[in-house]
Structures are given as structure tokens and as C-alpha cells.
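Please model the complete structure; the sequences and the hints are all you need to start from.
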Amino acid sequence: MTKDFNIIGKPTPKIDANIRVTGEAQFGHDIQLPNMLYGAILRTKEPVADIISIDTSKAKQLDGVRCVITADDVDVNNISYRRDHPILKKGQVNCIRDEIAAVAATSKEIAQKALELIEVEYKVREGIFDPFEAIKEDAPQINHFIDGKYPNKNIAEHFHYEHGNLDEEKAKSKFVVSHRFTLPRVTHCCMATSNMTADYSKTDGRLTLYSTTQVPFLYQRDIARALKMEPSKIRIIQVVIGGGFGSKLDMYPYEPICALLSMKCGQPVQLIFSREEEFIASPTRQTMIYDVTAGADENGGFTFRDVKATLDNGAYTSWGATTPFVMMQTFSSLYQCPACRFDSTSVYTNNVYAGSFRGYGNPQATFALERTIDMLADEIGMSKSEIRLKNANFKGEVTKQGLHFITCGHKEALEIVIEKVKESTHPLIPSQEGKHKRYKKGVGYASMLHVGGGAKIYPSDGCGTTLKIDPFGYLTIITGSSEIGQGSETVLAMIASEELGIDISKIKVINTDTDIKPWDVGVHASRTSFVAGNSVLGAVKKLKEKISPKAAQLLKTDIDDLVYENGVIKSIKKSESIELDKVVRAIHFKEPGDLCIDTYFFEPSSEFADKEFKGNVSGAYAFASQSVEVEVDTYTGNVNVLDIHVAQDVGKVLNPLGLAGQIEGGVVMGMGYALLEELVVDKGMILNPNFHNYKLPTSMDVPRIHFYPIETEDSLGPYGAKGVGEAPLIPTAAAIANAVSDAIGVQIDSLPVTPEKVLRALSGNVKF
Amino acid sequence: MTDFDVISPGNVDELLLEIENNQSNNFRFGAGYTDLLLELRKQSGPKINVINLSNLNDPDFSSIVKSEINIRIGSLVTACEIVKNNDINELFPVLHKAANTLASKQIRQVATVGGNICTASPAGDIATALVALEAVCEILSTKNEIRVVPISEFMLGVRKTALKKNEILRSVVIPLRFFASLRMTNDRIISDFIKIGTRKSMECAVVSLAYHILQDDEDKIRYAGIAIGSSAPTIKFTKNAYEFLIGKRIKELNDDDIIEFAKKVLEYASPISDIRGSEWYRKQVLFNISKSIL
Ligand SMILES: Cc1cc2nc3c(=O)[nH]c(=O)nc-3n(C[C@H](O)[C@H](O)[C@H](O)COP(=O)(O)OP(=O)(O)OC[C@H]3O[C@@H](n4cnc5c(N)ncnc54)[C@H](O)[C@@H]3O)c2cc1C
Chain P
2 MTKDFNIIGK PTPKIDANIR VTGEAQFGHD IQLPNMLYGA ILRTKEPVAD
52 IISIDTSKAK QLDGVRCVIT ADDVDVNNIS YRRDHPILKK GQVNCIRDEI
102 AAVAATSKEI AQKALELIEV EYKVREGIFD PFEAIKEDAP QINHFIDGKY
152 PNKNIAEHFH YEHGNLDEEK AKSKFVVSHR FTLPRVTHCC MATSNMTADY
202 SKTDGRLTLY STTQVPFLYQ RDIARALKME PSKIRIIQVV IGGGFGSKLD
252 MYPYEPICAL LSMKCGQPVQ LIFSREEEFI ASPTRQTMIY DVTAGADENG
302 GFTFRDVKAT LDNGAYTSWG ATTPFVMMQT FSSLYQCPAC RFDSTSVYTN
352 NVYAGSFRGY GNPQATFALE RTIDMLADEI GMSKSEIRLK NANFKGEVTK
402 QGLHFITCGH KEALEIVIEK VKESTHPLIP SQEGKHKRYK KGVGYASMLH
452 VGGGAKIYPS DGCGTTLKID PFGYLTIITG SSEIGQGSET VLAMIASEEL
502 GIDISKIKVI NTDTDIKPWD VGVHASRTSF VAGNSVLGAV KKLKEKISPK
552 AAQLLKTDID DLVYENGVIK SIKKSESIEL DKVVRAIHFK EPGDLCIDTY
602 FFEPSSEFAD KEFKGNVSGA YAFASQSVEV EVDTYTGNVN VLDIHVAQDV
652 GKVLNPLGLA GQIEGGVVMG MGYALLEELV VDKGMILNPN FHNYKLPTSM
702 DVPRIHFYPI ETEDSLGPYG AKGVGEAPLI PTAAAIANAV SDAIGVQIDS
752 LPVTPEKVLR ALSGNVKF
Chain V
34 MTDFDVISPG NVDELLLEIE NNQSNNFRFG AGYTDLLLEL RKQSGPKINV
84 INLSNLNDPD FSSIVKSEIN IRIGSLVTAC EIVKNNDINE LFPVLHKAAN
134 TLASKQIRQV ATVGGNICTA SPAGDIATAL VALEAVCEIL STKNEIRVVP
184 ISEFMLGVRK TALKKNEILR SVVIPLRFFA SLRMTNDRII SDFIKIGTRK
234 SMECAVVSLA YHILQDDEDK IRYAGIAIGS SAPTIKFTKN AYEFLIGKRI
284 KELNDDDIIE FAKKVLEYAS PISDIRGSEW YRKQVLFNIS KSIL
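For the record, the sequence lines run as chains P and V. In this text, residue positions in the first sequence follow the working numbering: the first is 2, and each later residue adds one. In this text, residue positions in the second sequence follow the working numbering: the first is 34, and each later residue adds one.
Since the hints were made in silico from the structure, they are not lab data. Here the structure is a predicted model, which means the values were calculated and not measured. Mixed in with the good hints there might be a few duds.
[Said to hold, decoys possible] DSBU-like cross-link-like pairs, simulated, lysine-lysine; straight-line CA separation at most 35 Å:
#	chain 1	residue 1	chain 2	residue 2
1	V	LYS99	P	LYS438
2	V	LYS99	V	LYS176
3	V	LYS99	P	LYS684
[Stated by the list, open to error] From the structure, some residues in chain V lie toward chain P, with a derived Cβ separation under 10 Å:
#	residue
4	ILE81
5	THR175
6	ASN177
7	ILE229
8	GLU236
9	VAL239
10	ALA265
11	THR267
12	LYS281
13	ILE283
14	ARG309
15	TRP313
16	ASN321
Cβ atoms here follow ideal geometry from the backbone N, Cα and C, with glycine treated the same way.
Pasting the structure below:
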């Protein structure tokens with residue numbers, strides 16, 4: 002494909018950039034509805050306790066309070082995909098997030114005051130905060146709403162996957178390493194805290210939710226189920242999102258609570274988390290412990306991987322429990338691997354529960370795998386780059402799990418980052434080294450494999466698009482997909498602009514209203530450019546079938562002779578052209594009269610995984626490799642990330658600006674995971690619910706990031722593109738940890754790699 | 034959150050009058066509010082008065098003035114103003130650097146010297162540098178009188194200072210010491226601020242080390258102001274380390290001397306373990322960075 006493009010591949014500013022930088026964008030926090038009330042939630046003070054009594058009488062008497070609800074006041078269903086999560090808790094609390102009561106009042110201050118007036122009597126119970134304790138036979142049952150799917154009463158979810166002959170491959174292995182890895186709890190830190198405005202009309206029984214969800218149609222169904230309503234009576238309007246990163250994939254109790262308050266009061270109710278509440282009560286990345294054993298033959302060829310993952314599920318289930326679905330792809334298929342066994346167990350504890358977070362389990366899995374590969378290389382005496390190149394994935398590979406790599410830039414990505422880090426590394430100059438050889442440098446590599454063409458996990462992984470050209474030549478794209486800051490609106494407008502020759506300034510994207518837009522499964526799995534992009538292409542094709550015959554007729558030529566560009570339709574043969582809007586008017590206002598509007602639904606050709614989790618679940622697969630150079634200060638333990646080289650198989654670059662944003666943001670997020678971030682919990686309490694002690698990287702911490710896109714032009718993607726959004730985060734922590742290990746010669750097996758951990762490792766007094 | 038009323042005196046007379054008027058009330062001073070607002074947000078209790086200093090128009094409170102013998106810094110001078118001041122940058126690099134590592138550029142625009150000292154946090158960056166420089170606090174009372182207190186006697190513990198209820202911190206004074214007599218040039222000064230934390234910005238020191246060492250024409254150390262932050266309930270001036278260095282030449286120090294010096298600094302450290310670092314880590318790092326300065 003060497004076609005010249007007008008706009009595809011050209012740096013294009015986001016079409017919503019202006020309203021975002023000027024402050025015009027309406028975030029959830031900005032919404033003001035007539036007669037709006039303010040909601041607030043009373044959460045438990047004790048992570049684990051029986052509730053002896055709840056007295057709301059004083060709160061109800063406070064001036065300005067419109068309603069106070071507890072579990073006794075509502076008729077609702079449990080939420081979460083396991084239906085193990087009551088919206089309001091009754092009788093007992095099991096984690097520090099637990100919602101006990103909620104109020105709606107005429108001001109935020111009154112709502113807060115009312116919370117203080119609610120009296121709750123607790124009888125503290127002993128909690129279980131360690132999944133290995135909770136899984137013991139004699140441990141008390143933590144969640145009482147589960148269906149007995151598993152014999153052990155505290156198991157929330159279990160996955161088992163295997164391929165190949167493990168015993169045979171073990172026997173073949175000349176080198177074997179076994180290691181345990183521990184991953185921390187980190188959280189999304191969205192700039193906009195969780196928010197919702199609910200507007201229930203008692204007149205027509207309809208509920209409008211101004212929501213930050215990233216899966217509006219699944220959400221509509223989930224909310225309806227929770228509230229025992231008809232889904233179609235619920236209209237979801239998606240507000241501008243101040244950061245998502247996967248946090249808005251599930252529905253959490255505050256959302257139906259806000260709706261319930263509005264339904265009780267018959268007035269709109271707005272509920273906004275404080276920053277502290279955001280840290281305490283919004284989801285985290287799944288924390289887990291891996292026990293990995295892996296082998297290689299005498300030439301460094303991988304033989305087997307045997308992985309046990311133990312997930313701390315927290316007190317209720319959210320999507321965190323399903324992240325092993327993604328992890329197993331990394332263990333089964335990142336680098337060629339003849340045999341693999343993967344078992345994961347998600348265990349209820351009295352900790353906070355995890356949701357989905359960019360990468361969906363993959364940063365964790367990649368950390369464990371890539372650390373193990375370094376350990377294997379050390380064992381074999383092989384270079385860290387060579388072992389990776391030798392085992393890299395290749396084009397046309399069908400992995401034992403059934404993933405089909407129609408295109409694959411893995412090896413190329415590795416070659417690039419290995420070469421580039423060689424060029425950028427500089428030995429320490431003597432003055433830096435100092436008389437005590439204070440600084441040590443190291444290089445680390447890691448790769449990643451992630452779905453890049455959607456992921457078939459729901460009955461449909463499709464997306465609908467309606468296109469409408471008005472009589473003045475402007476195009477409206479009504480897409481099922483959602484913009485959550487990733488720049489999908491812009492990419493979709495670019496695709497339509499490319500195909501229809503309409504300038505991007507004349508394209509509007511409508512994507513926020515479930516009453517209007519066609520169905521889409523939601524933003525996840527880095528799927529939007531791929532799936533919604535293909536959907537736009539399909540819709541364009543259908544619309545052209547309507548416009549082209551008319552244009553051909555007016556230009557007195559054949560359809561095949563037409564080119565759409567610069568707002569006109571051109572006949573190549575006759576070098577004549579006609580304005581697009583003229584053709585639209587000719588269709589609309591002349592007999593028989595029709596609108597230039599069409600709808601298309603794109604369903605990717607991916608398959609469902611079978612019972613053994615085998616199958617080609619995505620339309621395309623993304624690969625990336627990163628190499629990192631770090632400098633470790635052996636006096637303080639501080640790790641300074643100098644350069645990060647990122648080579649990523651993106652299929653095709655659609656918008657270089659949007660892509661750079663994803664890459665840089667992802668790498669910095671990965672660096673935070675590697676070095677800084679951890680939500681510290683102790684006996685169920687969160688000790689650092691603020692930006693002071695939860696260390697998010699600042700702009701001053703950003704290293705030099707070098708990006709090398711690899712264009713493999715996947716036959717199924719729009720113009721050959723694959724998903725890119727999650728990938729840049731996934732290998733970063735692994736690569737940084739590998740670099741630190743390389744620098745100081747100590748195996749790193751937990752994140753974040755804090756200065757204190759480094760110093761302890763260096764002083765040899767404590768195992769890392 | 035504690036509710037409050039704001040009173041904004043425009044000059045020193047009005048200020049002293051307001052302090053006088055509020056002697057039987059609960060009141061606080063507010064300068065840049067980067068500490069005060071957080072504190073009030075965490076508390077609940079009866080309404081208080083805040084005497085807002087940000088409208089105060091008085092050079093003694095808000096300017097940096099150099100004389101033959103000292104530099105006087107008004108309590109309302111911001112971290113940013115310190116960073117931009119050439120005299121401070123040249124004469125007291127330790128103070129320049131400390132002000133420049135405080136929080137972030139945004140916070141530095143409003144955070145004041147007075148606020149940093151009067152919060153009396155063991156982690157105060159500017160305060161740590163001022164302790165190393167043995168600065169002197171100039172305290173103004175409602176009688177319009179000034180009394181002076183050495184800074185290490187001014188800060189008594191977190192949010193505890195030597196101020197009486199009818200007093201306010203007006204300014205701090207740093208003596209020029211040997212600069213005047215020895216006409217010292219830059220290569221005679223070893224002066225810097227080392228702040229340990231995990232991030233490069235927006236970081237409260239896990240430990241910090243401020244040092245200001247002056248050498249004479251024969252390379253002999255004549256002054257060695259060294260202070261440690263986040264290492265004890267208050268910022269400590271490490272007098273024994275000072276005395277150890279006086280009269281010595283840095284290039285003549287051997288490894289054992291350096292270790293002895295670092296041990297003398299460490300004598301003043303009694304850090305706690307908290308979420309930002311363990312006692313072990315704080316001591317270890319303090320020891321390491323103390324060695325690194327010689
Ligand atoms: C995000 C953030 C990051 C921070 N990072 C750092 C950091 O890295 N290093 C650091 O040292 N500090 C840091 N701080 C703390 C704070 O910014 C500093 O201590 C700052 O110098 C306080 O100055 P202020 O003018 O804002 O004080 P204010 O908040 O106005 O006052 C602080 C206290 O001093 C009293 N006070 C103020 N002026 C006077 C006066 N003239 N006389 C008597 N009492 C007075 C007030 O009553 C109050 O008790 C940080 C704060 C925040 C919010």
C-alpha cells in the first residue's frame with residue numbers, strides 16, 4: 002500500500018482541543034440542572050464490622066436535607082458481574098469503601114453536615130487481609146452473596162489455561178528458574194474525580210444519567226438491572242471525561258445510589274467524590290502475587306512456563322478478577338513458548354476491590370514474565386537482548402492459544418530498541434562517578450503483546466455508525482464509540498475526511514447520548530480506532546453508494562471515475578468536478594428526494610475463546626518493545642530514568658499527534674507504576690489517600706522518550722492500523738525493573754522500586 | 034473544616050491593632066496559605082479569625098535588603114523571590130537551592146519564608162537552610178518592639194514556635210560573616226541543599242541536608258553551618274560536625290575523617306518511620322549524603 006493520503010498519517014490536533022484548553026468543555030463537575038440537589042455517601046469507619054444500628058433521624062431533621070437512604074429504604078439488586086455487591090450495605094461491612102447511607106440536600110455543605118449526623122454503631126470484627134490466609138479452609142466466609150461456583154468459600158474467580166506437554170518440556174529444559182513476584186495496588190488518579198448527575202422524572206418514569214461511563218450501553222443494562230427498571234427508560238449522557246484509563250468500565254455503588262436519590266426526591270441529584278474519597282473508593286489496578294517457573298533449552302530457546310497467580314479480590318468482585326483472561330495471553334503467547342500452564346485464583350479479602358486499568362492485567366503479567374526472562378538469561382549466560390530476539394514472535398504465527406498474528410512487528414521492535422539504546426547509552430563520566438563510585442547505570446528490555454483489534458468477550462464486539470451529510474456539505478458522524486480523552490473523535494473524523502474529501506473543520510462527531518447513537522460495546526481493549534474506524538469506513542462505503550451514482554449522472558461519467566477530495570467530487574477522465582453539497586442537494590431536493598444518511602454496523606471477524614480459552618479473540622495484535630537506561634544513586638537508592646526507547650507495532654500511524662500522546666502518557670504511567678506509585682493499605686485502611694503521599698509522577702520526572710512506530714499494515718485494520726492505547730504502558734515497568742537489576746546486580750521482584758528498597762537491596766541487609 | 038473570617042490590615046499600624054484586638058479570640062496569621070488552609074481543612078471547631086498578611090504593605094515584611102553586615106529577608110518574601118534574588122544566589126547558595134526545591138513552581142509563587150518558619154515543620158526546606166546559616170528571627174510585638182531570637186530556638190516542634198500571642202515574625206537576618214572581612218569568592222564557599230525524596234518535584238523531604246562551608250585563603254574551614262531536616266522532631270544544627278570541621282582543610286581529609294564527620298551529623302538524627310521512609314532509610318541516606326559533601 003503506497004497510496005498517498007490527504008490527512009491520514011498527518012499530525013492533526015484533536016478536534017475537541019479548543020474547548021478543553023479554554024475551559025469550555027462541560028465536565029461532570031460543571032453540570033448544573035434546575036432544582037439540582039447534592040448527594041453524599043456515608044462510608045463505614047471500620048473496614049470490618051457488624052452494624053448494630055443506623056440512626057438517620059438527626060440527619061433527616063437538618064434543614065435543607067431532602068432525603069436520607071439506607072439499605073432498608075431501597076428495593077434493588079446486587080451489582081458486579083458476580084452479583085456479589087450490595088449497593089448499600091446492611092448488617093455488616095467488609096471493606097473501607099462500604100456505603101452505609103446516602104443523603105440528598107440543597108447544598109454540598111448541608112449534605113456533608115447530614116452525614117456527620119448519621120449515627121452508626123459498629124461491632125468490630127477481625128478482618129482477613131492476606132489472600133493466602135483467606136484461602137485456608139478454616140477462614141471465615143467474607144462475601145455472603147456468592148453462588149457457590151467454587152468449593153472454597155472465599156474464591157471469587159478461577160482461571161486455568163494450558164497448552165503443550167509441560168512434563169516433556171520441563172525434561173528438555175537445561176535451565177529452569179523459579180521466582181515469586183509481587184505487584185502493588187495503584188490507582189488511576191483521574192484529574193476529574195468520580196461524578197454523576199442523575200435526573201429522574203416522576204412524570205414519565207424516565208431516568209437521565211450524566212455519567213462518565215466508558216461502556217454506555219452495557220452500563221444502561223447494568224443500571225437497569227440494579228434499579229429494577231427497563232433499560233430503555235434510562236438515557237445515558239456521557240459527560241466530558243477528565244481521565245478514564247479503564248476506571249469507568251464497571252458500575253460502582255455510587256452510581257445507582259445517585260440515581261436512587263434522584264428517584265426518591267424527584268429532583269436532579271449530583272454526586273461528586275472528594276479527592277480523598279476518590280483514592281479510597283474508586284477502583285485500583287489488580288494487585289497480585291505470581292509464582293513463576295520457566296525453562297529454556299541449552300540454546301536459550303524457551304521451553305515452558307508454569308505460572309500461579311494469586312489475586313487479592315477485595316471484599317467484592319469487579320473486573321479486576323477477570324484480568325487473568327489477558328494475563329494468560331502474555332504467558333501463553335508473548336515470545337514463542339511450547340508449553341504453558343497458568344492458574345489464577347482471585348481470593349476474597351477485606352481489602353478494597355480492583356477494577357480494570359489500562360493494560361487489564363498485562364503490565365503485571367509482563368513484569369513477571371520479562372523479569373523471569375532476564376533471570377533465565379543470567380542463568381544461561383546469554384545476553385538479555387539475544388535471548389529475546391531468539392524467541393520473538395513472528396508474522397504468520399498461530400500461537401498455541403490460537404492467536405493468529407497476521408502481522409507482527411515483535412522482532413523489528415526488539416531490533417530497534419536494542420540498537421537505539423546502544424546509541425544513546427553513555428558510560429558514566431568520571432566526575433559523575435565520584436570518588437565512591439556513587440552512580441551505577443543499567444539497561445533493561447521488555448516487550449509486550451496485547452489485543453489490537455478489539456477483544457471478543459461480549460456477545461458482540463461491534464460498533465455502529467450513522468453518517469449524515471447536510472445540504473451545506475457538513476458531515477455529522479454519529480458513532481456508538483466513546484471519546485474518553487484518547488482522541489478517537491479526531492481519528493474517526495480524519496477517516497471520514499480522507500474518504501469523503503470533506504475538510505475536518507466541517508465534520509462533527511456526536512457520541513454521547515444512548516438515545517441517539519447506535520450500539521457499541523464500549524471503550525476498552527484499545528479497540529476504538531480499529532472497530533469504530535472500520536465502522537466509519539463501512540458507513541462511508543454505503544453512503545457513497547448513494548452519492549456516487551448521482552454525481553456520476555451529473556458529471557456524465559462512470560462511478561469508477563469519481564474521486565472525492567477537497568469538498569468536490571471529481572471526474573478524472575473529464576477533469577471536471579462538482580461540489581459535494583451540490584450533489585447532496587440534488588439528491589435531497591429533487592425527485593424522488595432522499596437524505597444523505599446511512600448506518601453501518603461493523604462486527605470484527607474475531608472469535609470467542611473456547612472453554613479452554615483458546616481462539617483468535619482479536620482482529621489484530623499489537624506488539625511493542627522498550628529499552629530503558631537508568632542511573633541508580635547508590636547513596637540514596639534513587640533511580641533516574643534517562644532514556645526510554647519505544648518501538649511499537651501500530652499497524653499504521655493514523656494521527657501522529659494522538660499517537661505520541663498515547664505513547665508518552667503510557668510510558669509515564671508505566672514509570673509511575675515502576676518507581677513511585679502505591680496505594681498503601683494496612684488492615685484494610687488506606688494510608689495515603691492524597692497526592693502528597695501517593696506519588697504520581699510530575700512533569701519534572703518525565704524522562705527522554707524516543708518513539709519509533711512500526712507500520713506492519715494489518716489487512717483487517719482501518720488503513721492497516723491496530724490498537725495502540727494500552728500498549729505503551731505495558732512493558733515500561735518491566736523494562737525499568739530490568740534496568741535497575743542490571744545496574745545494581747540484585748533481582749527485583751516487586752514494584753514500585755522505591756529508593757528505600759534499592760538501598761536495602763544494596764546494603765544486603767534485607768532481601769529485595 | 035474550620036470556618037473563618039478574614040481581616041486584611043494594609044499597614045503595620047493596622048496589623049498591630051488587629052493583633053491587639055484579637056488577643057481574646059482564636060486567630061491565625063495567613064500569608065501564602067499553603068500550610069494554613071490544609072490545616073484548617075483538617076480541623077473542625079469554632080469559627081476563628083484569620084489575619085491576612087497578603088495585603089500588608091510594608092518593606093520590612095516584604096523585601097530582601099543587603100547591608101554591609103547582613104541580609105534581611107521579610108517574612109512575606111516568597112520562595113520564588115528568594116530564588117530570583119542575586120545576592121542570595123551568590124552569597125547563600127544553600128538558601129537559593131532550598132527555596133528552589135520547595136514544592137513546585139506554582140506553590141513557590143505564594144509560599145512565604147515566614148510561613149515556612151512558623152509552620153515549624155521538621156521538613157521545612159527554607160527553614161532548614163536558615164538553620165544552617167544560623168539566621169536570627171526578628172519578632173515584632175503589639176508594643177511595636179522588636180526582639181531577636183536565633184532561628185534554632187524559634188522553632189520548638191511542629192507548629193510550635195517561640196512567638197507569643199501578641200507577636201508576629203517580621204523578618205529574618207542572615208549575618209554575612211566572613212564575607213565582609215575575607216572578601217571571599219565563590220570557590221571559597223561550599224554551600225548546597227540536598228533534598229531526598231522519590232519525585233523530582235512536589236516532594237516533602239524524606240531527609241534533607243543543608244550546608245554552608247566557608248574556607249579562608251589558606252583553604253582552612255572557618256565556618257561550617259550544617260543542618261538536617263526531616264530527621265528529628267525539629268530541624269537540627271549539627272554543632273559537633275561544625276566543630277569537627279573548623280580549622281581543617283577538605284583536601285586533607287581521609288576516608289576515616291569523612292566517616293567520622295558523617296557520624297557526627299548522624300548524632301543529631303532521631304528520625305521516625307512513616308509511610309515516606311523508615312528510620313533505617315533516613316539514617317542510612319543521611320549518612321551517605323553527609324559523606325558525599327566533602
Ligand atoms: C502541595 C504542597 C507542597 C509543599 N511542599 C513543600 C516543600 O517541598 N518544602 C517545604 O518546606 N514546604 C512545602 N510545603 C509547605 C508550605 O508550602 C511551606 O511551608 C510554605 O513556606 C508556607 O508558607 P505560606 O506563606 O503558604 O504559609 P501559611 O500557610 O500562610 O502559614 C503557615 C503558618 O505560619 C503562620 N504564619 C505565616 N506567616 C507568619 C508570620 N509572618 N508570623 C507568624 N506566623 C506566620 C500561619 O499562621 C500558619 O500557621 C508544601 C505545601 C503544599 C500545599
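Hinted contact TRP313(V) with chain P - closest CB pair below 10 Å: Holds, because the Cβ-Cβ distance from TRP313(V) to chain P comes to roughly 8 Å (cut-off 10 Å).
Is the Cα-Cα distance between LYS99(V) and LYS438(P) 35 Å or less? Violated. LYS99(V) to LYS438(P) sits at ~41 Å, over the 35 Å cutoff.
Evaluation of the interface hint that places THR175(V) against chain P, nearest CB under 10 Å: 36 Å, violated
Next item in the hint list is ASN321(V). Is there a CB on chain P closer than 10 Å to its CB? 4 Å, holds
So, GLU236(V) near chain P? Judge it on the closest CB pair being under 10 Å. Since the shortest Cβ distance to chain P is 8 Å, the answer is holds.
Measuring from the C-beta of ILE283(V) to each C-beta in chain P, is the shortest one below 10 Å? 12 Å, violated
Grab the minimum C-beta distance from ALA265(V) to chain P and call the hint holds if it beats 10 Å, violated otherwise. 19 Å, violated
Just to be careful: measuring from the Cβ of VAL239(V) to every Cβ in chain P, is the smallest value less than 10 Å? 8 Å, holds
Restraint: THR267(V) near chain P, CB-CB cut 10 Å. Satisfied or not? Given a least distance of 21 Å, the restraint on THR267(V) is violated.
Given hint LYS176(V) paired with LYS99(V) - CA-CA distance at most 35 Å: 27 Å, holds
Less than 10 Å between beta-carbons is the criterion; does ARG309(V) satisfy it with respect to chain P? Result: holds, 7 Å to nearest chain P Cβ.
Tell me if the interface restraint on LYS281(V) is satisfied: Cβ within less than 10 Å of some Cβ in chain P. 17 Å, violated
The structure does not agree with the numbered hints 1, 3, 4, 5, 6, 10, 11, 12, 13 stated previously, though it agrees with the rest.
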